[in-house]
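A.B. asks: These are the residues of each chain, in order.
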Amino acid sequence: MLLKNTYNELIKILAKPRSYIGFIALTVLIGVILLAMKADGESFISFVTSSFEQTLSFNGLILNGNLIAFIILQMLIIHVPLLVALVTGDLVSGEAAMGTLRMMGTKPISRNSFLLSKFFAGAIYTFFLTVWLAFLSLIIGQYMFGTGDLIVLNSDGLVIIPENDIMWRYGLAFCLAYLSLLSIATMSICFSVFSDNSIGPIVSTMAVIILFTIIGSLDVPTFDHVQPFLITTHMASWRSLFEMPVPYDAIIDSILILVFHIVGFTALALWWFNKKDINT
Amino acid sequence: MKYILILVIGLFSGTIQAQDSGNDLLNRVVDKTNLVNDYSASVIITPDVPMIKSMPVKAKIYYKKKDKFKVVSKSIAILPKQGFTDVNVFLSDPKKYMVVEAGEKLIGTVQTKLLTVIANESSSEIILAKLWVDPDKAVVLASEVTTRSAGTVKIEYIYSNQIRFGLPSQIKFIVNVKEFKMPKSFSSNPHKSSTAKKNKRKVGTIVLDITNYIVNKGVSDSIFQN
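Sequence lines, in order, name chains L and R. One rule links them: number in this note's numbering = place in the first sequence (from 1) + 2. One rule links them: number in this note's numbering = place in the second sequence (from 1) + 9.
Everything labelled a hint here was simulated from the structure, so no lab data went into it. Among these hints, one or two may not hold up.
[Stated by the list, open to error] Heads up, simulated BS3-like pairs for lysine-lysine below, C-alpha to C-alpha not over 30 angstroms straight-line:
1) K146(R) <-> K104(R)
2) K163(R) <-> K77(R)
3) K104(R) <-> K67(R)
4) K105(R) <-> K163(R)
5) K181(R) <-> K40(L)
6) K146(R) <-> K83(R)
7) K114(R) <-> K40(L)
8) K114(R) <-> K211(R)
9) K40(L) <-> K226(R)
10) K226(R) <-> K79(R)
11) K114(R) <-> K226(R)
12) K77(R) <-> K146(R)
13) K122(R) <-> K40(L)
14) K139(R) <-> K40(L)
15) K122(R) <-> K62(R)
16) K40(L) <-> K79(R)
17) K105(R) <-> K40(L)
18) K163(R) <-> K122(R)
19) K79(R) <-> K211(R)
For reference, chain L alone in the conformation it holds in the complex:
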């Protein structure tokens, strides 16, 4: 029953035009970035290496598909959650707004299975959005710019990762990015359970992302104890896979915090949905 209803939920997602906005937006955004890099990427790269160029020269193919994918992932990982929330924030509240939620409650499926099928459908949608992001940034990026060593900037300087040591990092980075997006999807579905209109959960999710991002970027000691527990803080944890050596313990901590959020939001949504009086 759960799988069948998940399939039904996927059909509902596919039937909504807004489900394609994320894919179209990613295609346009990444297309613009790729074209801009093709036209004027060298000047962008000089920003990366300019601090050293008085003393050192960098030889080799610096502007390559691997660097392009890194730049795109860095630019978009904060914005893609908004595209996810656009669909997942509407999964329950959309039905409440349309009046189909009450009807669904009369079907021979438990409320838990019904809501979990929406979580699974949201997870599948998020998965394909992440795959599309990976395909456009990495595969198309490598096709347009070739491959090569990856120069990564961090607060301590530059890390140059050899070409043959990159793809596994990207594999895990996109898995980590997917986990981050999944936590956002779960949060927006949870908000969706509390609402009877489509816009509320979507806007609430966006507001939380913006708020957490601002709190996370402020160098204020007051927020030092809060920042490690924010979803948005750990959305950037994929970057750690491009460190040498890779801080696996810290990455595992991030994974645990993201999983804790996913489980927490799911449990909260299930608890509320089971006791919810569905009037619409």
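The hints should help you fit chain R onto chain L, whose structure is shown.
C.D. replies: Same frame as chain L, now just chain R:
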């Protein structure tokens, strides 16, 4: 007055003598490098530069007289901005500098002579070069080159089978790197806090292990084009 005159003449003659012997030694060094019209070689570049983490990189280097130099590498190779051909080009024109023999220093087991080369032209990129030269083999074992744009670069050389051309088998560059500050937005990582400022070193080394020299067999100009 007579003694003062003798002293002054003695000082001047000493300086001129140091200049002459310095010139002779430097001419021998330059003559040796002038034997090389072109070369290609394999190189392993091992950088150990503050604020840059990088693995050793394999590359191929090409040189053609008088100042064509190219590093070809599939990987990203970090090299000093100065120190390869620019010193040789500078030394190849004796009108551009004056040489003073300024002492001796033991490098390893070799008693080297220090030649201080000072640029005559105020617009010269190389302002000052200190060369520690092995007087028997007429090769530079160490140098300290001060340039207008890249500061001072110290270089150490080790020679093996291409010593007759004055081509080293290992070059070690000692470079100073300016402090590097990255905007937080550009380097945001929850697992990374910036290293304490006091722990940051500013001097790094880049070691080039050079093998498979092919000297004076011709190098195509097309290699030096981008």
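A.B. asks: Going through the numbered hints above, which ones does this structure break? Give me the numbers in ascending order.
C.D. replies: Per hint list: 3, 5, 6, 7, 9, 11, 13, 14, 15 and 17 violated.
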